[in-house]
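Could you build the full structure based on these sequences and the hints that come with them?
There are 4 protein chains.
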Amino acid sequence: MKPAIIVVDMVKDTFKEGSRLPITQEGRSILSNLRTLLKESRQKGFPVIFANDSFMKGDFIFNGKMKSHSIRGTEGAEVIADLHPEPTDIILPKRRFSAFFKTDLDQTLRVMGVDTIVVAGITVEVCVLMTVMDGLCHDFSAILLEDCTASKNKEMHRACLSLYRDFALFPLLRVMSLEDFLKETAPSAGKA
Amino acid sequence: MKPAIIVVDMVKDTFKEGSRLPITQEGRSILSNLRTLLKESRQKGFPVIFANDSFMKGDFIFNGKMKSHSIRGTEGAEVIADLHPEPTDIILPKRRFSAFFKTDLDQTLRVMGVDTIVVAGITVEVCVLMTVMDGLCHDFSAILLEDCTASKNKEMHRACLSLYRDFALFPLLRVMSLEDFLKETAPSAGKA
Amino acid sequence: MKPAIIVVDMVKDTFKEGSRLPITQEGRSILSNLRTLLKESRQKGFPVIFANDSFMKGDFIFNGKMKSHSIRGTEGAEVIADLHPEPTDIILPKRRFSAFFKTDLDQTLRVMGVDTIVVAGITVEVCVLMTVMDGLCHDFSAILLEDCTASKNKEMHRACLSLYRDFALFPLLRVMSLEDFLKETAPSAGKA
Amino acid sequence: MKPAIIVVDMVKDTFKEGSRLPITQEGRSILSNLRTLLKESRQKGFPVIFANDSFMKGDFIFNGKMKSHSIRGTEGAEVIADLHPEPTDIILPKRRFSAFFKTDLDQTLRVMGVDTIVVAGITVEVCVLMTVMDGLCHDFSAILLEDCTASKNKEMHRACLSLYRDFALFPLLRVMSLEDFLKETAPSAGKA
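Residue numbers (numbering that gives the first Met the number 0), protein chains in the order written: chain A, 0 to 191; chain B, 0 to 191; chain C, 0 to 191; chain D, 0 to 191.
Hints should not be assumed to be uniformly reliable.
For identical chains, the list gives no copy identity; a pair is met inside one copy or between any two copies.
[To be verified] Lysine-lysine pairs mimicking DSS-like chemistry, simulated, CA-CA at most 30 Å apart:
(1) Lys15 / Lys64
(2) Lys15 / Lys182
(3) Lys182 / Lys101
(4) Lys64 / Lys38
(5) Lys66 / Lys38
(6) Lys43 / Lys56
(7) Lys64 / Lys101
(8) Lys151 / Lys11
(9) Lys56 / Lys101
(10) Lys43 / Lys11
(11) Lys101 / Lys1
(12) Lys1 / Lys15
(13) Lys101 / Lys11
(14) Lys43 / Lys182
(15) Lys66 / Lys101
(16) Lys38 / Lys1
(17) Lys1 / Lys64
(18) Lys66 / Lys11
Just so you know, these hints were derived from the structure itself, not from any lab. Quick caveat: nothing in here was measured; it's all calculated off a predicted structure.
Structure follows, in structure tokens:
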């Protein structure tokens, strides 16, 4: 396995102090795991990609009840300080849900020799899931890290994961725990 | 509303006689509603698009447990006779889950003046959902017709829909019944 | 080299009897070479793809002086009888100039193990050139076959080729004669 | 006309002191016109987009004779100081030739209400031309500014333009002088 880590939408606008959005609380609960994931992945030399909402003011996406946020070029669309990206990480602004939508991520991953995307972040049933699925669309295996993803409540998180645990394309898509992922990619583990 | 109807993956390979796949049984249970949807939509002049799995032999997608099916150019990748497409319908072969993935559907819809995609078919948590979400990505409103979609069992169908009923972008995405959709688009209904 | 042959826009609407378009005359002058290319390529097992204009009525592209033609679903958008596609060839309808634009050709070529596209057909400075360039964009080497392509006059054909003979990315892009291509891919030729 | 200005590949690596590349000399000869274009366009409220080569080390594109340059994240991939982008301009890194290739520029332009792209920069027969053509592909009219574009010599510049002056889709694509473009968009000019 040649994995790349994709951390989705852990941006300042969602985690600003005083935010009472349910996703903010749930998102905070995975920060510790995300830090472990990033630390161990960098040690193993896995590429790290932060895929961040990067919306235009006046975009179609704000025609519904969702309020304007994560605007392109503003601080709110940056990765939160808690996860401080390293200079070698890739910051990938995205227009919509999936990290692949109208970006060149597929080619970037191929240049890097990646065969598996490992997706973490929020929210699991939208941007995380769409990134996972688009990874499969672009011929990458995908791992959805269950304890490194969140939704606006634990019930929705659980419901979403349950839909994809026994996926028709398994094991091209796997729902895994952080611990299992780290074990499988440990230097001592058998090579696939 | 200027809707187009997208019927996903109602193809012969999935519905062939003797198939014991759970999705076959569940898929059959929505045929009557799909026929109503198509009949009424054509009467109202809504474009109808059949988006069909159209896979290559040896494709990445068959590297997991999913068996080869709906192969490009074979009869198995055609729309089932029960839904007999009309000459004015669009048959859209698709390589992956979403009807928009590496197709020109977005431009086709814009040429037709469509502003809303109405998605039906199987399976709700994969190809239907990805089509719905990609519709939003391409600046179309989306309606997921709950009683014109199916999954491999009713529990998964219900679980999937529950994730998107109260969607952050509502009403850009709505989960609706066939009846409500037909009411809303009835000639006598107020025009949006 | 693992080449695939892409024949661009040799469709019935352009070659119908009585057409007095300059491109019709020039296009006819390469038919003999195209037949040789196809025959030899099939013998060598190279995939053959016919990329055909497939426009929608009312499309943006007809807002200028270009008349409506090669309409999706009509006979006029089919490959001319002179080049009679074989059942194993790929017929690829395209919305615009390049065979890659909003199609899944890049993935198709990768599944087939192709590393080089060999482009023929008309017109050299538009659809042929855009296909060549998009091939490079998708990480395929490209060969533009000078005597299997045409423009509306020989001067434009020559002028176009002269722009790319000494290309900055050479030899990722090469302008070649049919003879040289066939020699290079002859069974007795040294393997690259 | 609701134009947006796209300035292609005027980046530091190509214009660094001491560069003896022919394109450097030719590129410098259009700087004065580019400054006029930008100044007048900003006064008229036209969006300005700098589309810059942004390559990955080890990319396919460097497998030919082209040397590594304009690497993503380096200063060499930034717009030259002579053209000093304004904070409201859009800086669009691009992986390949066209500003539209695997970017979200098409949607950005639609959100801004743009109907015409006005393309300037280098080199005319590659990145400028591919951007122009991709604009047409995405349903935008396109203007290629003859005296705001350059190639590695004047002969190639002239030869390239001559291919597209009498384009089949005219006037969806027009080759124009800066003066004519400014006249046509002058406040006193008749509105199209």
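Status of each hint after checking the structure:
1. Lys15 / Lys64: For Lys15 and Lys64, the Cα distance is within 30 Å only inside one copy (20 Å; across copies 43 Å).
2. Lys15 / Lys182: Classified as neither: same-chain Cα gap 34 Å, cross-chain 43 Å, threshold 30 Å.
3. Lys182 / Lys101: neither (34 Å within a copy, 35 Å between copies)
4. Lys64 / Lys38: This pair counts as neither: shortest intra-copy Cα distance 37 Å, inter-copy 33 Å.
5. Lys66 / Lys38: This pair counts as neither: shortest intra-copy Cα distance 33 Å, inter-copy 35 Å.
6. Lys43 / Lys56: between (39 Å within a copy, 21 Å between copies)
7. Lys64 / Lys101: both (24 Å within a copy, 29 Å between copies)
8. Lys151 / Lys11: Within one copy only: 17 Å inside, 39 Å across.
9. Lys56 / Lys101: Intra 18 Å, inter 21 Å, cutoff 30 Å: intra and inter.
10. Lys43 / Lys11: within (27 Å within a copy, 34 Å between copies)
11. Lys101 / Lys1: Both ways: Lys101 and Lys1 sit 24 Å apart in one copy and 23 Å across, limit 30 Å.
12. Lys1 / Lys15: neither (34 Å within a copy, 38 Å between copies)
13. Lys101 / Lys11: both (23 Å within a copy, 26 Å between copies)
14. Lys43 / Lys182: within (12 Å within a copy, 47 Å between copies)
15. Lys66 / Lys101: both (23 Å within a copy, 27 Å between copies)
16. Lys38 / Lys1: Intra 17 Å, inter 41 Å, cutoff 30 Å: intra-copy only.
17. Lys1 / Lys64: Answer is between: at 21 Å across copies they meet the 30 Å cutoff, but 40 Å inside does not.
18. Lys66 / Lys11: within (15 Å within a copy, 39 Å between copies)
Consistency with the previously given hints fails for numbers 2, 3, 4, 5, 12, ordered from lowest to highest.
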